[in-house]
Amino acid sequence: MVLNKFTKLAVILVAATLPNVISARPFAYISNQLDDSVSIINTNTRTVVKTLTVKGKPAGVAISPDGKRVYVSTPEAGGFSAIDAEKQAEIRHVEVSSGALGIVAAPDGKFIYIADWYKDSVYVVDAITFKTLGSVTVGKSPSGLVVSPDNRWLFVANRLSNSVTQIDLHKMTIRNTTLVGSHPFGLAIDKKGTRIYAANVQSDDVTVLDAQNLKRIATVKVNLLPYALTLALNGKRLFVTNQDDGSVSVIDTDSLKEIRLIRVGDKPEGIYTHPDDKHVYVANWFDGTVSVIDAESLEVSDTIKTGEGSRAFGQFISNN
Amino acid sequence: MKKIIFVVPALFLMLSGIVNAHGPVRQKAEEDVTINAPAEKVWGIIKNFDDMSWHPGIKSVKADKGNEKGSVRVLALKDGGTISEELKKYDDKGMSYAYKITDISTEKTISHAGAEEKVPVLPVDNYSATIDVTSNGNATTVSWKAAYYRAYTNNNPPDEMNEDAANKAVTACLKSGLENLKVLAEK
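Protein sequence lines correspond, in order, to chains C and F. By the numbering used here, the letter at position 186 of the first sequence is numbered 186, and the numbering carries on one by one without gaps. One rule links them: number in the numbering used here = place in the second sequence (from 1) + 1000.
For the record, the hints were derived by calculation from the structure and aren't laboratory data. From a predicted model like this one, the values you see are computed outputs, not experimental measurements. We treat Cβ as the ideally placed atom computed from N, Cα and C, and that holds for glycine. Check each hint, because a few of them may be wrong.
Computed from the model, here is a short list of chain C residues facing chain F with C-beta under 7 angstroms [to be verified]:
hint, residue
1, Gln33
2, Lys55
3, Lys57
4, Asp244
5, Phe286
Subject to a maximum C-alpha distance of 27 angstroms in a straight line, what follows is the list of computed DSSO-like cross-link-like pairs (lysine-lysine) [stated by the list, open to error]:
hint, chain 1, residue 1, chain 2, residue 2
6, C, Lys257, F, Lys1088
7, F, Lys1168, C, Lys55
8, C, Lys257, F, Lys1069
9, F, Lys1089, F, Lys1100
For reference, chain C alone in the conformation it holds in the complex:
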């Protein structure tokens, strides 16, 4: 391509006025609960580029599908913080309800769903106006949330009811609830929306459900205190944080067997896959670090220092 002088200059000027953030996407947003902060990691350089103050003991993380907004639940401030991803700054704090923890953004970007640990409800918040539109009562202490890729169903892990609830997002009513293992916390769904995986904190296993009818397909034993999970390599591998073992269990999703145990930091909690589908990020709560796992070699390829009490519960890496 041949550019004249003027065009070249214009390109340089435009590039200079844009913050470097655009080229550095995607980012990982790590909530540091004991520090009241969020570490923003550039996943290309694997370094923390900014640490934002987010009050209210930040825990859950969700990102709008276009990657422009980051939502961080703040259990001690009863709601969530909305962060502008390009400016890397908090836009505002949105008050929702007192025990806000699990959070997820709808695939169409219109709504934010937030689970309240004490009110046994999931709240629906308008992603533009930040107004709460309503709520659905679910099981006890709802925690992890995932939305089906077709934006039709919302799945909720009810920790103290030992169940997973499927909410019809057209009708905003419960379609189905099924029992899983003991104290389910994190949830994952595959890209086709066919299977749900629930990490059961108390029974040290993962329940595999058919996403359509919530039938139990299998229960896979993992290690001590499984907390959250994520899929990689086109859904072929499931990665599960074992909080009290300082490890990540790797499950082959065809055979539904644990094939490897990877050592990470102490008290691993939040886990999510990079959009390249080949790297898995794990927040280590005790160490205040993030481990990056190569999903093919199953080795830890990097450890990034973040902040005190890194949780990053949810889908904490932007898609673009």
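Following the hints, complete the assembly by docking chain F onto the known chain C.
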């Protein structure tokens, strides 16, 4: 997306402005000590789950299954009271073990927010810990890490059961234990 009709807006709107109960945030404590003694010697002193004679705050220990995973030990404290702990991980070669508190006796009962509250002898809830021995050439590092919640699980804790009380008590317990272990191992 179709129009959504929500059923309980009135009640919901009334509640939404009120910030009340919220969940306690998990706390952590970590203490390390460097001991001028071989790691094997240090591990030898602490390796038995049913022996905590190295800790100055503990009077006696009984465990039902020794160093077997799942073994439960009951610690009798010098200042009175008991703590029960379950062995969750045991690695003799790696010189570490992890355990979880399953029961804590009550130190006293206080009146708070119109209810009787039992203050446990160690004011924590859902406590798990790991003790690790690492060789550093001629010296040894012992690291003791604990993760726990405050004893009061509802909103607005009394002073005896808040985060500060939990952190102080756990830190004191880890510190005094490691200090005494150093003295014993360097003898």
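Quick one: which hint numbers does this structure break? Sort them smallest to largest. 2
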